[in-house]
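Asks: Protein chains in written order, with numbering that gives the first Met the number 0: chain A, 0 to 174; chain B, 0 to 441.
One should not assume that every hint holds.
[To be verified] Okay, the calculated bits of chain B under chain A, using three or more residues with CB under 8 Å as the criterion:
hint: 1; stretch: 196-204
hint: 2; stretch: 406-420
[As the list claims (entries may be wrong)] A few chain A residues that face chain B, going by a derived Cβ cut-off under 8 Å, partial list only:
hint: 3; residue: 27
hint: 4; residue: 29
hint: 5; residue: 32
hint: 6; residue: 56
hint: 7; residue: 59
hint: 8; residue: 70
hint: 9; residue: 71
hint: 10; residue: 81
hint: 11; residue: 88
hint: 12; residue: 90
hint: 13; residue: 91
hint: 14; residue: 92
hint: 15; residue: 164
hint: 16; residue: 167
I should point out that these hints are in silico values taken from the structure, not numbers from a laboratory.
C-beta: ideal position from N, C-alpha, C; glycine also.
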Amino acid sequence: MSAQLETPRAAQAGRAAGREEIENFLYHEAELLDDWQLAAWEALFTEDGRYEVAPISLDKPETLDPSKVLFLVADDRARLKQRTLRLMKKSAHAEYPHSRTRHLVSNIRFQADGDEILTRSVFVVYRIRREEVMTYMGQNQHRLRRVDGALRIVSKRACLDLETLKPQGTVSIIL
Amino acid sequence: MLDKPAAPGREMYSDYVAVDRKALRFRVDRAAYSSQEVFQRERDTIFARCWLYLGHASEVPKAGDFMARNVGGRDLIFTRDRDGKARAMFNACTHRGSTLCREASGSTKVFTCPYHGWVFGLDGKLRDTAAKGGYAPNFNADGLYDLVPVPRLESFRDFFFINFNPDAIPLVDYLAGAGDYLAMIADQSAAGLEVIAGSQSFSCYGNWKLLIENSYDAYHGPSLHASYFEFLDNRMAASNSAATQSGFARGLGNGHGAFEIQLQSGRAVAQWIPPFGEEAKGRIERVNDELIARLGAERAERVGQRQRNMIIFPNLVVNDNLAVSIRSVYPQSPTRMDVRVWAVGPADEDPLLRKIRLDNYLTFIGPAGFATPDDIEAFELCQRGNDHGAPGRWSDLSKGMSEDENLLFAQGDFLDEAQMRSWWTQWDRIIAGADSLSTGRG
Chain A
0 MSAQLETPRA AQAGRAAGRE EIENFLYHEA ELLDDWQLAA WEALFTEDGR
50 YEVAPISLDK PETLDPSKVL FLVADDRARL KQRTLRLMKK SAHAEYPHSR
100 TRHLVSNIRF QADGDEILTR SVFVVYRIRR EEVMTYMGQN QHRLRRVDGA
150 LRIVSKRACL DLETLKPQGT VSIIL
Chain B
0 MLDKPAAPGR EMYSDYVAVD RKALRFRVDR AAYSSQEVFQ RERDTIFARC
50 WLYLGHASEV PKAGDFMARN VGGRDLIFTR DRDGKARAMF NACTHRGSTL
100 CREASGSTKV FTCPYHGWVF GLDGKLRDTA AKGGYAPNFN ADGLYDLVPV
150 PRLESFRDFF FINFNPDAIP LVDYLAGAGD YLAMIADQSA AGLEVIAGSQ
200 SFSCYGNWKL LIENSYDAYH GPSLHASYFE FLDNRMAASN SAATQSGFAR
250 GLGNGHGAFE IQLQSGRAVA QWIPPFGEEA KGRIERVNDE LIARLGAERA
300 ERVGQRQRNM IIFPNLVVND NLAVSIRSVY PQSPTRMDVR VWAVGPADED
350 PLLRKIRLDN YLTFIGPAGF ATPDDIEAFE LCQRGNDHGA PGRWSDLSKG
400 MSEDENLLFA QGDFLDEAQM RSWWTQWDRI IAGADSLSTG RG
């Protein structure tokens, strides 16, 4: 979408959702994750919302289909809810006690796609656990839709820049 | 297979494993999970003499296809030559030792060294030195500068293994009882299996043997994975899935072992559960009918309905449960491990069933699943305890032990630790040099 960004068409979407609103939305999402407000984070998604983390071993992760290749995460709305419920339990051992995280969001671009808005942003997520700091970096693609006046996430796909999860080991947090 | 008996009055060969048949105790010295000496000895014996998993035939389907893969700490090329023959060669130019192939996978006619431009064929033969002169006419007449093949490459039902010991016993003998378990996976499709794109690599804190023990330890399921079973119960609108499991665990010879259970958690081959949806029901039934027609009802029931987690000694995890996953694990250091995970499925799988397979896989397995991160947490905690002064010398693996147990073929309930005792019994023999796994007893 690089060449098409913020063309007149996007400016139209800009009337529907301006840069400031989109930035605020993404920063708000990051804050909910850092505060472990996972129920509130989950509520940002539409009824048909999806959350995905693409495979890190394949090229062009933004084009891949989770029904054909092995993703790290490919949650429909129901499993997304189960993921957030699980992560708030003491028995989700990999995240008990909760890691500290810091989600940084940058390089935000967006364009309209019909009634929806596609955003592309760069993320760096720090996870701090048992005196170790792990870093996850990559690009997030959000598809946003306005529902009852507020922006909601139709899909979020995180594409990590990592080649392997060495030394991170897991993606037990939400990116 | 033993090259020598244990010392008089002793059952084990090293001091790292202790068996007390009267007290029904089987214990492993925790130094085996952290010492530099053990790490080195494993490199010189276990990883130098055992058959190690290289890859699946579906990863190099055509002539010229290749994968660059690290196996046992050594960079290898797995390729198929012009005659369609699978080959495993060291991924190093014979001129100065430079890494030759830099892509993880692809298709090529030759391998060209980036440094001086030496060119090697798919069969490993040196084709060109890119030099106008300066070499003797018979410089490579004896093949000294051809790529070095891995001493042994053999396959079983399309699973390729290598061995760095030229005198190693044949793969099929090495696999012993594990062969039939591998066959039960291969039997899932008449069209053969394929590795599904999207393999996962990760490293974590912990000795590699902690992952081995964890991978076929059903005992930890209800406690460590309580949150997964809650998810399953919720999904199935059923109660207490964990308590409905039943099955057995056993050693399979040469250190291999498995547990096998019945659990209604659904499988693309071939156990339908309501969350898969009505559309999938008929398709899974057809898969099951085909299994019965090809394998007979009894075998089909075992292949399609039951689940099993297996270790092929030393370090190949073959989990045939919610979906089929294959993992290899290697020590990066005494206290860190490198893990590679592949998903496998029928080569001709129906698209809906493939989707269900991947969904089922993701729910439990993998670095962002609902269970694997908790497994990693568990063995990180074991290693941490070990490295931070946990008192006592021993780790305990006694559960289900009997006084007259044949350790290499130990048997018990699936919640027992028989399979782990078989593994450690073989580990003890190999690191102590009691079993060289060689035809010539070399």
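Asks: Evaluate each hint against the coordinates.
Replies: We went through each hint and held it up to the structure:
{"no.": "1", "hint": "196-204", "verdict": "holds (count 9)"}
{"no.": "2", "hint": "406-420", "verdict": "violated (count 0)"}
{"no.": "3", "hint": "27", "verdict": "23 Å, violated"}
{"no.": "4", "hint": "29", "verdict": "19 Å, violated"}
{"no.": "5", "hint": "32", "verdict": "14 Å, violated"}
{"no.": "6", "hint": "56", "verdict": "5 Å, holds"}
{"no.": "7", "hint": "59", "verdict": "12 Å, violated"}
{"no.": "8", "hint": "70", "verdict": "7 Å, holds"}
{"no.": "9", "hint": "71", "verdict": "4 Å, holds"}
{"no.": "10", "hint": "81", "verdict": "5 Å, holds"}
{"no.": "11", "hint": "88", "verdict": "5 Å, holds"}
{"no.": "12", "hint": "90", "verdict": "4 Å, holds"}
{"no.": "13", "hint": "91", "verdict": "5 Å, holds"}
{"no.": "14", "hint": "92", "verdict": "4 Å, holds"}
{"no.": "15", "hint": "164", "verdict": "4 Å, holds"}
{"no.": "16", "hint": "167", "verdict": "7 Å, holds"}
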